[in-house]
Structures are given as structure tokens and as C-alpha cells.
Amino acid sequence: MIRARGLVQTFHTGQGKQKREVPAVRGVDLDVAEGEVVGFLGPNGAGKTTTLRMLTTLLRPTAGTATVAGFDVATQPVDVRRSIGYCSQVGSTFSGAYAGDEVVDHGMLYGMSKKAAVAKGHELFDKLQLDGLWKRMPKNMSGGQKRRLDIAMALIHSPSLVFLDEPTTGLDPQARINLWQHIADLRSKEGATVFLTTHYLDEADALADRIVIIDQGTIVASDTADNLKAAVAGDLVDLEVTTDEQVAVARDKLASISQDVEVDGHHVRGRVARAGKAVPGLLRDLDGSGVALESIEVVRPTLDDVFLTLTGRSLRDAEAAAEAAAAPADIADTADTARTTTEGA
Amino acid sequence: MTTFLRESWIVFNRQLRMNLRNPAWVIIGMLQPVLYLLLFGPLLKPVIAQLGGNQYTWFVPGMLVQLGIFGAFFAGFSLIGEWREGVIEAERVTPAHRSALLFGRLYRDLLQLFVQAVILVVLGLVLGMDASIGGIVVGVALTLLLGGACAAASNALALTVKSEDVMAPVINVVMMPVLLLSGILLPMSFGAGWLERLSDFMPIKHVVDAVRGAFFGDFDGSMLWGVGWTFVLFGLAVWWGTAVFRKENA
Numbered sequence: 000m001i002r003a004r005g006l007v008q009t010f011h012t013g014q015g016k017q018k019r020e021v022p023a024v025r026g027v028d029l030d031v032a033e034g035e036v037v038g039f040l041g042p043n044g045a046g047k048t049t050t051l052r053m054l055t056t057l058l059r060p061t062a063g064t065a066t067v068a069g070f071d072v073a074t075q076p077v078d079v080r081r082s083i084g085y086c087s088q089v090g091s092t093f094s095g096a097y098a099g100d101e102v103v104d105h106g107m108l109y110g111m112s113k114k115a116a117v118a119k120g121h122e123l124f125d126k127l128q129l130d131g132l133w134k135r136m137p138k139n140m141s142g143g144q145k146r147r148l149d150i151a152m153a154l155i156h157s158p159s160l161v162f163l164d165e166p167t168t169g170l171d172p173q174a175r176i177n178l179w180q181h182i183a184d185l186r187s188k189e190g191a192t193v194f195l196t197t198h199y200l201d202e203a204d205a206l207a208d209r210i211v212i213i214d215q216g217t218i219v220a221s222d223t224a225d226n227l228k229a230a231v232a233g234d235l236v237d238l239e240v241t242t243d244e245q246v247a248v249a250r251d252k253l254a255s256i257s258q259d260v261e262v263d264g265h266h267v268r269g270r271v272a273r274a275g276k277a278v279p280g281l282l283r284d285l286d287g288s289g290v291a292l293e294s295i296e297v298v299r300p301t302l303d304d305v306f307l308t309l310t311g312r313s314l315r316d317a318e319a320a321a322e323a324a325a326a327p328a329d330i331a332d333t334a335d336t337a338r339t340t341t342e343g344a
Numbered sequence: 000m001t002t003f004l005r006e007s008w009i010v011f012n013r014q015l016r017m018n019l020r021n022p023a024w025v026i027i028g029m030l031q032p033v034l035y036l037l038l039f040g041p042l043l044k045p046v047i048a049q050l051g052g053n054q055y056t057w058f059v060p061g062m063l064v065q066l067g068i069f070g071a072f073f074a075g076f077s078l079i080g081e082w083r084e085g086v087i088e089a090e091r092v093t094p095a096h097r098s099a100l101l102f103g104r105l106y107r108d109l110l111q112l113f114v115q116a117v118i119l120v121v122l123g124l125v126l127g128m129d130a131s132i133g134g135i136v137v138g139v140a141l142t143l144l145l146g147g148a149c150a151a152a153s154n155a156l157a158l159t160v161k162s163e164d165v166m167a168p169v170i171n172v173v174m175m176p177v178l179l180l181s182g183i184l185l186p187m188s189f190g191a192g193w194l195e196r197l198s199d200f201m202p203i204k205h206v207v208d209a210v211r212g213a214f215f216g217d218f219d220g221s222m223l224w225g226v227g228w229t230f231v232l233f234g235l236a237v238w239w240g241t242a243v244f245r246k247e248n249a
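Chains as they are written, first to last, in numbering that gives the first Met the number 0: chain G, 0 to 344; chain F, 0 to 249.
Source of the hints: derived by calculation from the structure; they are not laboratory data.
Among the hints, a few may not be true.
Below are the DSBU-like pairs computed for lysine-lysine, each with C-alpha atoms no more than 35 Å apart in a straight line [claimed, not checked]:
1) G:Lys-134 - F:Lys-161
2) G:Lys-113 - G:Lys-134
3) F:Lys-246 - G:Lys-113
4) G:Lys-138 - G:Lys-114
Isolated chain G (complex conformation) (with noise of 0.2 Å):
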């Protein structure tokens, strides 16, 4: 469904001494299979934005190609759009106009006729669980209610490809939750292909069959949850034991499935790949060798403990250096920025 090689963007900011290029996306390559749902993760200012808005043929590629439904971004850019719904960061309806006739103009941008489009719509609305709404404007939403209207625009013509740029950010727990449900089924009910961008973990880990991990421009992993976790990270297993002398048989037994033990007092731990299945086997071999277990914990690894390891810095980290920093090629993932540096594309 898409397919992108060496895609590069660089933008160009200031003027005089001043001008220089800025490097925001460096030769990407990706691929999304029809009917997956791939989560693509990073910090502010990693590139994300930026990456969709080429797949989206909002901007036009510095270097590089894609095609996204079969058709390529640059040379067939229509073709491309009749075929995707696109769901920007920042919304997509003016706030001083109706729901319902928001999405019924957007609808028949597409070529839909106003009567299909006005059946479509209050099919979404009900699906989205935006009944009753038709006739409120935006700004007496909340903000989950707007979220969810951006998805039925980008709904209406019925694609086959959906790209979500951050769709739940700004939105309190419970709207987001609410909100992935209403995503998880873009999949199941709509048969949609998703490609969503986000720098919340959670997000990634609930909604994604594969993550996609971008920093600094470049793609630094791509996988499902569990195999980067496992792969990169892997469960960290904490044995306690009850006497001084058991520690260095525990030690033994745990560095049998796991390289980087440590010692902590009567505390043992162990970074393990997959340890649901190994745990079981090392408890038989501690019991057999007389090792009583104090207590024994099993932590899954978090998506930010895959960023640590393949990027050397937290994912939080990274946002808030890249928000401190606010340099241009960072804010060029915003929306905003990415919009005042597009003249240099």
C-alpha cells in the first residue's frame, strides 16, 4: 500500500548569511502491506510529520520516491489523493461552521454527489458516535468530538489508505481511549489500511501491528511491539532469594539465559528475551538446585526502553530536547512550521 525509497526532505530557512539547509527527513525507506496498521513513532522533530506530508503529496520530496495505493507522489499526486484520507494534527474544519456540512463539502471535493456524501456522513457521524452533532459547529465541541469529526472527513470518500498525524494529542485519558477504539475499528469495520503517527508509546503499543521508529530523520527500527521489545530490550526478571548463598546460584542459573546479570543484595536481575517461556524452565532449574524464591517479578520492557537502546536517548528525552532546542528542522515536524518552510520545498 505504500512503498517509499531514499525519501529525503530539507527545507530552507532564513535569508542572506543566514540560509541554510536543514535536513528533516534522510532517505527513509518504508513499506505498509494492505489492512496493517503501522504506528510511526518518534519524538517531536524526529521527522514524522514531515514523512507523511511526502506520502500525503503535501510536499513534494527534496530526494527520493514513493507510491502510496499504487500510485507514485510526485508524478501522479491526484491519483494519490483520491485514493487516501488524511487526518492532520491541527484538524481539518473551520470552527465557525456545521459538522455535518463540513464533511458533506469535503465529501463532494472528492467527487462524491451531495446526496451520497450526506448519507455517508450520517453514517459516520453514527459510527463515530457523533449523533446529534450534524448541526453543532466545531468550536462548541470537546475536543474528543473534534477528533473524531476529523476522522469522518477523512472517511468520507471511503479510502482505502488513512493517515492519522497524532490524533489523540491534546486529548484528556479517557478521549483518548475512547478514541482508539474508534481507530482500532478504521481497520476491523472500514477495512482500512492505517498509518498513524505518534509520539505516545501507549499509543503505538495499543493501536500498531508493526512500529516503525523514526529519530533524527532516519528510520531506526521497524517491527511489532513485542519483537522490538524482545529483540531490542528484551523482559527484565528480578529473582529475590532468601539467603546470601543462593545469590550466586540464582546468578548462575539466570546468566544461563540472559548475558548482563546483576547483584543487588539478595536481588538478581537479568534482561531475558521472551520470558514468559524461559522463566518457567529457570524456576524448575532454581527449585531443583534448592534455591527458595523470596519473590520473583517479570517486567515487560516499554517501547521508550527500545528507543534507549537503539538511539542512546529516552523517546521522552528526546521531546524535551527537541522542544528546548526548537530548532528548524525540529519544529518543521509541527504542523505549524512545517507549513512557513514548505516554500523551500
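Model the placement of chain F on the given structure of chain G, informed by the hints.
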């Protein structure tokens, strides 16, 4: 072409619907020229007497052009609001023609200008303006073309600067010499020779002369200059507007 017309009509309808929800724009837009007509027009009576003819026949065309320029040049402000809310990006990701997104908004601006122009002309006739129907039609048509040019330029400027704080002073800087050198308020011939010669380099002055000439029934060489400049300005502004809509979206 059919697709373009359909798409621009959809955009026009959407824009019109939003404007009609807030009809204050017509009243606010009309207020300034109407006040000029009612409060400044009588002051012109002794001045215009030197040229001959009714002061409103002379002044209404100037007010029309002022309406066409100033009213339309503020069209871009609403575009910045739409851009900020993500509407422009949402439209750009549809297969609609980029020029249709611009023209749909121009139709709205032209309709608004037309309604205001009609009110101004009717008020002028009530106050004693003496102009032929044909002259009025030509004058209003030129005003609409000039207004379309200004609205297209305003939209292009809005999408270029994307900030009301930048746009307002830019418009002021452009508009001030236009107002002073185009003879909208008083004939340039009343001023010093150098000022009149300077005003010859101001395209809008020729448009004002043409609209005024149409109202007086003088379809001479100045009419050709005015019509020519109107079409040139319209063509350039639409080209600029369309280019900006396209460039933004690659």
C-alpha cells in the same frame, strides 16, 4: 473545466454559507464608503463645481474603486484563520484543482463586492448622481475585476506570510500610496504638476479614471488605459494566487 467549475462552486457555497452566518461583514464593509459619501461628498460640491457636473457622479466611482481595493484586500485575513484551523490543508489533500480552491473564494469576494457596489450606486442615485445605466455597468464591471485582483493578491499574500500581524502593516504600506496617488478622493489635477505626473505611474489611478469616465459617458483613451491596467492587474494577481496555492502544496 466542468470539474473546475464544480469544485470552485463547492468552495464558493461553503464560503458564502459561512459569511451569511455572520452578515455583519456587509454592514461593516459598507460603512466606510457610505460615511464618505454622506459626510465627505457634500464638501466636494464647490470643488467639483470647478470641473462641472454633479459631485456624486464624480465621487461614487472613486468610492467604488476604494471599495474594490480595500474591501477585497482584507479577504486574506479569513484565509489565515482557515489555514490555522487546518482547513486549507484538508482541502489540499483532496483531488480538487488548486485554482478552484482560490476561485471559489474569489467568487465569494466578488459577490460581496457586487452587493456593496449596488448599494453604493443606489445611494449615489438617491443623492443625485447622474450616470447612464451603461456607464454604471461598465464602471461596476471594472470595479469587480479590480476587486478580484486585490482579493487574489490578498489570498496569495495571506498564504505567504501566514500572520495577521505581518499582513496588516503590509497592506497599509501598499494601500497608503494607492489612496493618495490614485485620485480616489480628489482629482490629481488639483495638485502640483509633479504630483500629477507621479500619479501617472500609479495603475489604480488609470482604473479610477476609467470608472469615472464610464459614469460620465467618456469612453476615450483613458478608458483604454484603465481597462488595460485592470486586466493586467487581474491576470497577474490570479497567476500569483494560483501559484501560491500550488507551491504550498507541491
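Quick rundown of the hints versus the structure:
no. : hint                  : in the structure
1   : G:Lys-134 - F:Lys-161 : 30 Å, holds
2   : G:Lys-113 - G:Lys-134 : 16 Å, holds
3   : F:Lys-246 - G:Lys-113 : 30 Å, holds
4   : G:Lys-138 - G:Lys-114 : 26 Å, holds
Figure legend: structure checked against the earlier numbered hints; every hint is met.
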